[in-house]
Structures are given as structure tokens and as C-alpha cells.
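Visitor: Listed below, chain by chain, are the residues.
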Amino acid sequence: MTEATAEAAERAAPQAPTARMPLGWLLLAPSLVFLLAFTYWPMAQSLAQSLRIETFGTDAISWGFGNFGRLFDDASFRRAAVNTGIYAAGTIVPAIVLALALAVGLEAATRFNALLRSVVFFPVLLPLVAAAALFLFVFLPGIGLLDYHLAMIGADRTNWLGDPDVALWSLIALTVWKNAGYYMLFFLAGLQAVPHDLHEAARLEGAGAWGRFRRVTLPLLGPTLAFVSVIALINAVIQVDHVVVLTKGGPSDSTNLVLFYIYQQAHENYDYGKAAAATVISLAALLALSALSLRTLERGAHYES
Amino acid sequence: MHRLRTIAAAGALALAFGGAAAAETKIELYFPVPVEGKLASEMRNLMERFNAEHPEIDVTAVYTGSYDETNIKTRAAIKAGRPPAAVIMSANFILEYQINGEIEPLDPLIEASGETPDAWMGRFWPALHGNARFADHVWAAPFHNSTPLVYYNKAHFAEAGLDPEDAPDTWQELVDAAKALTKRDGDRVTRYGFMLPGNYDYLGWIMTALAMSNGGLYYNPDFGGEVYYDQPSMLGALTFVEDLIEKHKVTPAGVTDGKAVSTAFFAGDASMVILSTGSLSFIRENMKEPYGVTFVPRNVRNAVAIGGASLMMPKGLTEEQKAASWTLMNWLTSPEISGHWSRFTGYFAPNREAYDLPEMKTFLAANPDAQVALDQLAYARSWFATFNTVAVRKALEDEVQAVMSDKIQPAEALKAAQAKADEIMAPYVAQTALKLPQ
Chain X
1 MTEATAEAAE
11 RAAPQAPTAR
21 MPLGWLLLAP
31 SLVFLLAFTY
41 WPMAQSLAQS
51 LRIETFGTDA
61 ISWGFGNFGR
71 LFDDASFRRA
81 AVNTGIYAAG
91 TIVPAIVLAL
101 ALAVGLEAAT
111 RFNALLRSVV
121 FFPVLLPLVA
131 AAALFLFVFL
141 PGIGLLDYHL
151 AMIGADRTNW
161 LGDPDVALWS
171 LIALTVWKNA
181 GYYMLFFLAG
191 LQAVPHDLHE
201 AARLEGAGAW
211 GRFRRVTLPL
221 LGPTLAFVSV
231 IALINAVIQV
241 DHVVVLTKGG
251 PSDSTNLVLF
261 YIYQQAHENY
271 DYGKAAAATV
281 ISLAALLALS
291 ALSLRTLERG
301 AHYES
Chain C
1 MHRLRTIAAA
11 GALALAFGGA
21 AAAETKIELY
31 FPVPVEGKLA
41 SEMRNLMERF
51 NAEHPEIDVT
61 AVYTGSYDET
71 NIKTRAAIKA
81 GRPPAAVIMS
91 ANFILEYQIN
101 GEIEPLDPLI
111 EASGETPDAW
121 MGRFWPALHG
131 NARFADHVWA
141 APFHNSTPLV
151 YYNKAHFAEA
161 GLDPEDAPDT
171 WQELVDAAKA
181 LTKRDGDRVT
191 RYGFMLPGNY
201 DYLGWIMTAL
211 AMSNGGLYYN
221 PDFGGEVYYD
231 QPSMLGALTF
241 VEDLIEKHKV
251 TPAGVTDGKA
261 VSTAFFAGDA
271 SMVILSTGSL
281 SFIRENMKEP
291 YGVTFVPRNV
301 RNAVAIGGAS
311 LMMPKGLTEE
321 QKAASWTLMN
331 WLTSPEISGH
341 WSRFTGYFAP
351 NREAYDLPEM
361 KTFLAANPDA
371 QVALDQLAYA
381 RSWFATFNTV
391 AVRKALEDEV
401 QAVMSDKIQP
411 AEALKAAQAK
421 ADEIMAPYVA
431 QTALKLPQ
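Going line by line, the protein sequences match chains X and C.
Each step along the first sequence adds one to the number in this note's numbering, with nothing skipped, and position 111 is 111.
Each step along the second sequence adds one to the number in this note's numbering, with nothing skipped, and position 130 is 130.
No lab work stands behind these hints: they were computed from the structure.
Careful, some of the hints might be misleading.
Residues on chain C that point at chain X, a partial pick, calculated with CB under 7 Å [to be verified]:
no.: 1; residue: Ile72
no.: 2; residue: Tyr200
no.: 3; residue: Val255
no.: 4; residue: Thr256
no.: 5; residue: Pro368
no.: 6; residue: Asn388
no.: 7; residue: Gln401
no.: 8; residue: Ser405
no.: 9; residue: Ala426
no.: 10; residue: Pro427
no.: 11; residue: Pro437
Computed beta-carbon distance windows for the label pairs [what the hints assert, rightly or not]:
no.: 12; chain 1: X; residue 1: Ser31; chain 2: C; residue 2: Glu319; range: 44 to 50 Å
no.: 13; chain 1: C; residue 1: Thr362; chain 2: X; residue 2: Val129; range: 38 to 44 Å
no.: 14; chain 1: C; residue 1: Val62; chain 2: X; residue 2: Ala89; range: 38 to 44 Å
no.: 15; chain 1: C; residue 1: Lys407; chain 2: X; residue 2: Phe122; range: 35 to 41 Å
no.: 16; chain 1: X; residue 1: Ala133; chain 2: C; residue 2: Asn100; range: 30 to 36 Å
no.: 17; chain 1: C; residue 1: Ser66; chain 2: X; residue 2: Arg111; range: 42 to 48 Å
no.: 18; chain 1: X; residue 1: Ala133; chain 2: C; residue 2: Val62; range: 20 to 26 Å
no.: 19; chain 1: C; residue 1: Glu319; chain 2: X; residue 2: Leu134; range: 46 to 52 Å
no.: 20; chain 1: X; residue 1: Pro223; chain 2: C; residue 2: Gln431; range: 54 to 60 Å
Okay, the calculated bits of chain X under chain C, using three or more residues with CB under 8 Å as the criterion [claimed, not checked]:
no.: 21; region: 155-165
no.: 22; region: 268-278
Quick caveat: nothing in here was measured; it's all calculated off a predicted structure.
Glycine is no exception: its CB is placed at the ideal position from the N, C-alpha and C atoms.
Work out the full structure: start from the sequences and follow the hints.
Guide: Written out as C-alpha cells, the structure reads:
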């Protein structure tokens, strides 16, 4: 009897998915409430604010795309957008290459490798704010850690954070140092899933180390690479702690990133319309890029199951 | 019967005390820590003392970060309908709260305590009045104030053949001394004669001091919609900065953060630096070599802008909170507390009477650097405050930073800064100076 009803239930279930809907919603509710309250509602508010046009000293409100027009006319915004592009490319590519190299290099589970992995992973444990505060003194011209050692090999002093041509690259270097260990962790996990016999087979066929990496490891790490790329992209847009601590976007906006620009518009200029317009633009760009990168990378990825 | 009466009396007493405890007014004080040093823990100590002396008030001191962050948090609290009862606010932000109608004028409270606004303001140094009393009302009580000051390494002076007791008074003397103090190894500079902080906020304040020393005003103290960036006084000041870097090569190119400037001074990497008087205690504690302080040198006249913070009271408080906040403000600006905080931080005490107290006289005798800072007050003026102060300041700072990195020439830079500042202030100007009879 029990077998029969169970079978009947199984057969009946796909026909009546709505019967299970309330339970589904109930199970989803806790996270949905938080998502709605802290993600989708603020997004909707930002969108509304970006279309709302207020005039100082009057209560008049109109609606339209005026905030977006003013945003694109603002040289500081264009500068911040370009900086964010350079910063994203400059942090994502080197951090991933470095993380991948470290993961492959430190894959074998020896005691020495375990130590090295901890060393590489250490910067991840440090909050970005604290790392930035430390780097203020690393980057000090002339007397900082970096210049002190560079002077030994005869290099002149460099104003790492105060030269508009160098400052953004200093922040990029700090970010790569900070994030490479984190991404390495994902690649190490991904490497565990690469079947050993494939390597064996490749070796028997006479493939060298580079060939095995290129033909076996890398394709099989596809899903990990896709995941890490998206994480790295999001990090490049949402991490600005070091900008706040080290440069406040200066000198002359040379290290200003879009997120910090939004902060400045909202809290220094009280221009909430422009801040909201910039928020909407960066959200749209982020969504489009995530969708694009997930799709293209997943298409090329080999899933093993 | 007798016993019963005792019990009743005890009960009444308990009720009375219970009532008193319930009537204790709870208020919050937002306070920033703008300079290096142990200011936050000392503020906690002060509040414990205030609460012990005033059982009817319970103040919680809330640390709110830098001046700019304190401004943001105060605005957020006002928007949320839960304003703090008192805020130690950067003195040049007070104007914006007045423009936005978010601040309580203090005149009614002053008059209720039986004083006139003139008499009440009279206790503060005259240089501080401009940022606290404007538009016909008193808006703030000066709490701790500063001016820029030149700190110099006496050992370096002696080594370079300069008289350690004769610091530069003019821009010419500053350049001459800086040239003598700068050390080179071929083309490489191994020690800079002069450094100034170039980070946002600090740079604007230093440029104000230089423009003022060059006869300028920087901004219109009576109208928040005008700044004087594209003017000869500012052009001279900016060209002077450019010359220090590129012509005389006694100052490093690019931006040097205020923290990097003080570190360079301690490390002997810079012989003269310009920093806030608010850093006096920090420098006194950390500087190993003998140092002296002197006024910001003049080209046309001696003049600097004040800095520092004032106590303000946001709108939207209950009568009890206002009264409690008023008691707190008067306590914090009293001669004794004013003097104590001044000795602890290095800021000067805004209350002139603080300097009549014996502790202060002993302190000044032992610390002549604090006396120099005080003497410069005679030449101090109001701090720039406009509509959207921070953005208007940044308009100049971005261009000055570009000049310091040799990206643009001073005259061109100031035109750009003026245009940007005018654009930022345009909405306010349209509602005020350009709002004409129809």
C-alpha cells in the first residue's frame, strides 16, 4: 500500500506544482525578505532617485533623464569611469594569472608548500582598510619600506601615492597583493577536481609540463576560472576602502573610482540625483558584464561530472 | 503608627529619587578626531567627569571619525529624525547647516541665561567669531581651534649654518632657508628643505593661508556664493608653491599626505614643514631632535585662516535636550575645560579666560611653541565657508595638485578651478545674489 501511494504521489506531483508553491515560498521567505529589503528595494529607490530632478531652494520636482546628462558631462565622472576600467583590467588579469601560477606551483601537498600557501593567503586575512593603513607607510616617498629597499639598488625616490601618473598603479599593486591569495584558494580547490589519470595519460603520450597545463589543467579549470573572474570583477567595483584611506581619489581625481565618485556626489556635493544616476549606470554595467563573462566562459568550459 | 510613617516617608523618598532618575535627560554628543593623538579616550574621560558633575544629564560621547565623516553622520541623523543634541563640527561647515535651516540659533539660549550675544561671544578670541556668528545670529560655540604653523628642525638649521633662533618670516627668507637646508646627492634630493601637506582638505587650508599671506581673502566671508580663486593673490600663492617644487627644488613634487609630512619631519627627511597647531602635542611627543615653530611666512602681510571645530546644536530637539545640550556646550567651552583640552591636544583654547588660569600660565612658560601658536591668532581670519564647501574646496585642490605634479600652469589651473567652483555654487547664487525683483 505504501509503495503504491508513494508512486502515485510521485506521479501526481509534476502535474500539480502549484500545490507545493506555498511551501517553496515559505522556505524562500527568509532570504527573500532580506534580498527585497536590502538589495531590490534600494535598487528601485536608486532608480527612482536617478530620474528625480530637484532644484536648490525650491520644492519643485520633475522627472526625466537630466541627472544622466549632467553625469556624462562631468569630467570627474568620465575620469572615474576610465580609472575603474584601468583598475579592473589591472587588478583582475594579474591577480588571476598570479593566483593560477601559485595554485599550480603549490598544488603538491608537501609541508613546505603548506607553509607557502599560508604565507600567500595571509593578506586575505587582513581587512583592506588595515592593509591600506599599512601601505601608507610602505609607500612613503624616500623613507618608506619600498623606497628604502629600492634606494639600495640605486633607484630615486618615487611619490607612490602622490604622483598622478603612478598613484593608480600603486593601488592596483596593493589590490593584486591582497586578492591573489584569495583566488589561489579557488584554483587549489579546482585542481583537486582534475582527474589524476588524465595527467598520467598525457605524460605517457609525451606531453611536457606546459602542454599538460595548457591541454589538461586549464580546460578543466574552466568553471573555476569563470567563477573567479566574476568575483574579481565584482571586487574591482565594490572595493574602495584603500582609496578612502590612502588617496581620497586624488591627486586630481587620478585614483577616483566610480564607487568613491558616487560617495562624493552624495555626501560631499549633496547631489543625490547624480549619485543615483552613477549608481544605476554602474549597476547596469556590472550586471551586463557578469552575464557576459559567465556566459562566454561557461560556453568554453568543460564540466566533468 | 510611627513606624508606618517612616515607611511612608521612605517610600516617598524612593519615589522622588526614582522620579529624578527617570527625568535624567539622555543626550548624545558627536565628536570627531581630526588629528593624530589620543583624543578619543580623553573625550571619554571628559564625558565621565561631566556626567558625574551633572547627575540630571547623561551624555554619551559618540566617536564619529574625521570632520567630513562627522558631517555626513550628523546629516544622516538629522534626516532620520534623530539628531544628536550637540556636535563638534568642523567650523567651516556651520554655514551649510544655516543655509539648509538645520541648525538651532543659540541667541535665545544665551538670552535666557541672562547674557547678551555680544557678551557671550566676547569670551572667544575675535578671530573665531566669523565662523560662529553670522547672518545676525550666533550658531556655534568654538570648541578647539588651530592655525597652520611652520615647524622647523633646529639641528638642521645649525648644521646648514642658519641661526636656529631666527626662523624665516617672509617667503623670500623661507626660500633662502629651504635652499640652504635641502641636501642633494648629485641630482637626487636626500633631504627636502620644505614640505607641505597636499592631500584633500589639508591642501585647501594651506592654500588659504598662502593666499591670505599674499594679501588675499580666498572667499567672501559675508556671502557663501563667492570664492576668489582666479585672483592675483591666489596666482602668486600657487606660483610660489610651483616655484618651491620646480624652480628652487626644495619641496617634493606631487602630493604628500599630512601624515607623510609629519613622518618626514620626525625622520629628518624634511627640515621645515607646515602643519596644523592641532598637531603640536603629537609633534612634541614624537620629535626626537630640537625643533622650533614660527608663523606662516608673509609675502604681503601676516595672515592665516583658523581651523578647528565648534559645538553646534541641530534642529529637532526637545526643550529638555536643548537645555541639557546648552549646559554641555557651556561646560565644554568653560575656561577650565577649554584650557585642559588645549594642553592635551595642542589646539588653542578658544576661551580667552583659559589663559588667565595658573595651570595655563605654567604650561605656556614651559612650552614656548604653544605661545607662538597663540601669538599668531592676532593675525588669524575666518575659515572659508561657502555653499557646498567641500566640493568648492576640491575644485581648487584638484588643480593645485595638478600644478604640483607639473601637469598644468598656475594661471590656467586657477581659471579651471574658478569655473568649476562657480558651477558648483550656481544653484545657491541663483537663489540669492542673482535672485532679483521681478
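Visitor: Indicate, hint by hint, whether the structure satisfies it.
Guide: Going down the list of hints, with the structure as the test:
| no. | hint | result |
| --- | --- | --- |
| 1 | Ile72 | holds (5 Å) |
| 2 | Tyr200 | holds (5 Å) |
| 3 | Val255 | holds (4 Å) |
| 4 | Thr256 | holds (6 Å) |
| 5 | Pro368 | violated (29 Å) |
| 6 | Asn388 | holds (6 Å) |
| 7 | Gln401 | holds (4 Å) |
| 8 | Ser405 | holds (5 Å) |
| 9 | Ala426 | violated (9 Å) |
| 10 | Pro427 | holds (4 Å) |
| 11 | Pro437 | violated (17 Å) |
| 12 | Ser31/X - Glu319/C: 44 to 50 Å | holds (46 Å) |
| 13 | Thr362/C - Val129/X: 38 to 44 Å | holds (41 Å) |
| 14 | Val62/C - Ala89/X: 38 to 44 Å | holds (41 Å) |
| 15 | Lys407/C - Phe122/X: 35 to 41 Å | holds (38 Å) |
| 16 | Ala133/X - Asn100/C: 30 to 36 Å | holds (33 Å) |
| 17 | Ser66/C - Arg111/X: 42 to 48 Å | holds (46 Å) |
| 18 | Ala133/X - Val62/C: 20 to 26 Å | holds (22 Å) |
| 19 | Glu319/C - Leu134/X: 46 to 52 Å | holds (49 Å) |
| 20 | Pro223/X - Gln431/C: 54 to 60 Å | holds (58 Å) |
| 21 | 155-165 | holds (count 8) |
| 22 | 268-278 | holds (count 3) |
Checked against the numbered hints given earlier, this structure breaks hints 5, 9 and 11; the rest are met.
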